[in-house]
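Q: Keeping their order, the protein sequence lines are chains A and B. Reminder that position 149 of the first sequence reads as 149 in our numbering, one-by-one numbering, no gaps. Reminder that position 126 of the second sequence reads as 126 in our numbering, one-by-one numbering, no gaps.
Just so you know, the hints here were simulated from the structure itself, not pulled from any lab data. The structure presented is a predicted model; accordingly, all values stated were derived computationally and were not measured. Hints should not be assumed to be uniformly reliable.
You can't tell identical chains apart in this list, so a pair holds if it fits in one copy or across any two.
Stated by the list, open to error - As a list, the in silico DSS-like pairs of lysine-lysine whose alpha-carbon atoms are at most 27 Å apart:
1. Lys106 - Lys145
2. Lys175 - Lys145
3. Lys106 - Lys40
4. Lys77 - Lys162
5. Lys143 - Lys175
6. Lys99 - Lys56
7. Lys155 - Lys49
8. Lys84 - Lys49
9. Lys84 - Lys46
Number of protein chains: 2
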Amino acid sequence: MKCQTYFKQRNYANRGMTLESDINITNEYYIENNIALIYKKPTPIKVAKIDYSHNKITDAYFECPSTLDYNGIYQGKYIEFDAKETNSKTSFPIANIHKHQIEHIKRVIDQRGIVFLLVRFNLLNENYILMGQDLITFLNTNKRKSIPHEYFTQKGYPVQLKYTPRLDYLKEINKIMEVL
Amino acid sequence: MKCQTYFKQRNYANRGMTLESDINITNEYYIENNIALIYKKPTPIKVAKIDYSHNKITDAYFECPSTLDYNGIYQGKYIEFDAKETNSKTSFPIANIHKHQIEHIKRVIDQRGIVFLLVRFNLLNENYILMGQDLITFLNTNKRKSIPHEYFTQKGYPVQLKYTPRLDYLKEINKIMEVL
């Protein structure tokens, strides 16, 4: 098999790439500085056909993930999160989260893991951590198809972009863990 | 995108499938019984060409993983391991483990995660947990290209196959955690 360095699947829906690259360079910083080990899971792909004579996949499809995109370990603690972007200024569409992912978030909470969404409002230049429990609470108490921006300002935790580390979400997670 | 249930990449080298399926049904049992959340990461694939009109990947390659195949959370603890099979009766070839994976194992140990190999000696019908630290110790103290079977009987922890859960490695991990 051809063996290459990790490939960022830019082709996958062309969404979230800026946020994704911010997170990826932040995670590289965390790894290089022995702060945490957090990786993006490869996008699940269903391989239908392989040309073994050329070690080449000739027919395959992207699949929907049933877990979140990023997981790893932060000083002994299990961390899992997903990165989502929206171009809406007023709300975050829940359709961005697969049903299986919501079930999975509940399970991670039950297992005492740190689970959250990292949501970017592109047109507001705002990034928020929304803890899994706050997401579940919203889904349990609302019939809405989207989470209003105010819910993020009230329940979420803002993460500012800076030079390095680019998007220091673990710094915010630290604060959150202290109060929880 | 076509969306389907998780696909076991049988095409990938045609190795470790029996052990892999034993682990997968064991992990399903753990999830259904709220014991742990452990998933196999998708095999990393480099996508070179997509036929967007048919939502189809027409050119792609398998990549070498730089982390281990399975990770997740077990009652708050981070777990990561790889499943390896060998047809040798006398030793386990170290070439089965990628260089990046060994560096990664050291990092997981530094982060206080539970990291190990689950090794099956096919012709002996034996499965062993080899903790990451014992693997690193061997690599640091030996010039050999393979780990002798005796090292597994001495330093490893046997895991017996049973009806359900099929390969209850977490039961062994529990015992190991108590003594560590």
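Q: Now, for every hint given, state plainly whether the structure supports it.
A: Each hint tested on the structure:
no., hint, in the structure
1, Lys106 - Lys145, "within (19 Å within a copy, 44 Å between copies)"
2, Lys175 - Lys145, "neither (30 Å within a copy, 46 Å between copies)"
3, Lys106 - Lys40, "both (20 Å within a copy, 19 Å between copies)"
4, Lys77 - Lys162, "within (25 Å within a copy, 31 Å between copies)"
5, Lys143 - Lys175, "neither (31 Å within a copy, 46 Å between copies)"
6, Lys99 - Lys56, "between (33 Å within a copy, 24 Å between copies)"
7, Lys155 - Lys49, "neither (46 Å within a copy, 41 Å between copies)"
8, Lys84 - Lys49, "between (31 Å within a copy, 25 Å between copies)"
9, Lys84 - Lys46, "both (23 Å within a copy, 22 Å between copies)"
When held up to the earlier numbered hints, the structure conflicts with 2, 5, 7 and fits the remainder.
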